[in-house]
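Asker: Residue-level listing of the chains:
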Amino acid sequence: DGGITQSPKYLFRKEGQNVTLSCEQNLNHDAMYWYRQDPGQGLRLIYYSQIVNDFQKGDIAEGYSVSREKKESFPLTVTSAQKNPTAFYLCASRRQGRIQPQHFGDGTRLSIL
Amino acid sequence: QKEVEQNSGPLSVPEGAIASLNCTYSDRGSQSFFWYRQYSGKSPELIMFIYSNGDKEDGRFTAQLNKASQYVSLLIRDSQPSDSATYLCAVNVVTGNQFYFGTGTSLTVIP
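From first to last, the protein sequence lines stand for chains A and B.
Note that the working numbering has the first sequence beginning at 1150, numbered continuously upward.
Note that the working numbering has the second sequence beginning at 3, numbered continuously upward.
There could be a bad hint or two in this list.
To be verified - Per the computed footprint, the stretches of chain A lying under chain B, defined by three or more beta-carbons under 8 Å from a beta-carbon of chain B, are:
| id | stretch |
| --- | --- |
| 1 | 1186 to 1192 |
| 2 | 1251 to 1258 |
As the list claims (entries may be wrong) - Quick list of simulated restraints, FRET-style, between CB atoms:
| id | chain 1 | residue 1 | chain 2 | residue 2 | range |
| --- | --- | --- | --- | --- | --- |
| 3 | B | Asn9 | A | Asn1175 | 35 to 41 Å |
| 4 | B | Gly61 | A | Gly1165 | 48 to 54 Å |
| 5 | B | Tyr73 | A | Lys1219 | 36 to 42 Å |
| 6 | B | Lys69 | A | Asp1187 | 29 to 35 Å |
| 7 | B | Ile20 | A | Pro1188 | 24 to 30 Å |
No wet-lab data here; the hints were simulated from the structure.
Computed from a predicted structure; not experimentally measured.
From the three backbone atoms N, C-alpha and C, an ideal C-beta is built for every residue, glycine too.
Using the sequences and the accompanying hints, generate a full structural model.
Answerer: See below:
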C-alpha cells in the first residue's frame, strides 16, 4: 500500500543526545515536510523540501537538521541544541500543485528521559 | 496576527445535529484551503479541500469558502459520536509550498 511511514512511533532522548526520526514515502510525492505539535496547539513547520538535495527552514528550525538525499526519504535529526524537544512530530508529503493536499504519517512521539 | 485562526472550542453538539466549524485567514493571496480531522493521539487525516468561492459537498461534509471575507467553514451534517475530534484548518499560501495550520477546534458529539 502507498503511504508515509514514520519510525519509531515512540522515542526517548537523553540529555545531550542527538536523535533521528525517520520518514519514508512511496507515493512519489515531490515535497516533504516536518511539523512539531505540542499539546493543545496547532502544527508548526520545522523544515520542508520540494526536491532532492534541497530544503528550507520553517518557523522553528533551530535545534533541528534534515537531509533529502532521496525522493522517498526525509529524516529529521533533533540535536542537543533543541532544549525542549518533547512533542509529537509529524511528517507530511504532497504532490506539487497549488491545490494538492498534504498527507501525514502516523507521527513520532519524542520524550526526554 | 496569526495566519490562520480558529475558535478552539470545545464545541458540543447533540448527535444528529449540524456542527459548524469556522476558520479565518490573513493572507489574501491564499489559494487553497483544507480541513483535517485529528483524533486524540493520532495524526491529521484529510477530510476535504476547497479552492473556489462557494460550497463543496462530500457526503455529510460541506466546505464553504468566501475569499472576500477571508473565511472558510466546515459543516458536518447528521453529526455522529465518531465525529468527535479536533478539526484543523490549513491554508496554502501564494508561494505554493507552505501550509499554515490553525490551532484546531475540538468537537464533541453527544449521544
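Asker: Next, verify each hint and record whether it holds.
Answerer: Comparing the hints with the structure gives:
1. 1186 to 1192: holds (count 4)
2. 1251 to 1258: That given contact holds, which follows from 6 residues of the stretch 1251 to 1258 of chain A lying within Cβ reach (below 8 Å) of chain B.
3. B:Asn9 / A:Asn1175: 35 to 41 Å: With a Cβ separation near 37 Å, Asn9 of chain B and Asn1175 of chain A satisfy 35 to 41 Å, so the hint holds.
4. B:Gly61 / A:Gly1165: 48 to 54 Å: At roughly 50 Å between Cβ atoms, Gly1165 of chain A and Gly61 of chain B fall inside 48 to 54 Å, so the hint holds.
5. B:Tyr73 / A:Lys1219: 36 to 42 Å: 40 Å Cβ-Cβ, so the 36 to 42 Å window holds.
6. B:Lys69 / A:Asp1187: 29 to 35 Å: 31 Å, holds
7. B:Ile20 / A:Pro1188: 24 to 30 Å: 29 Å, holds
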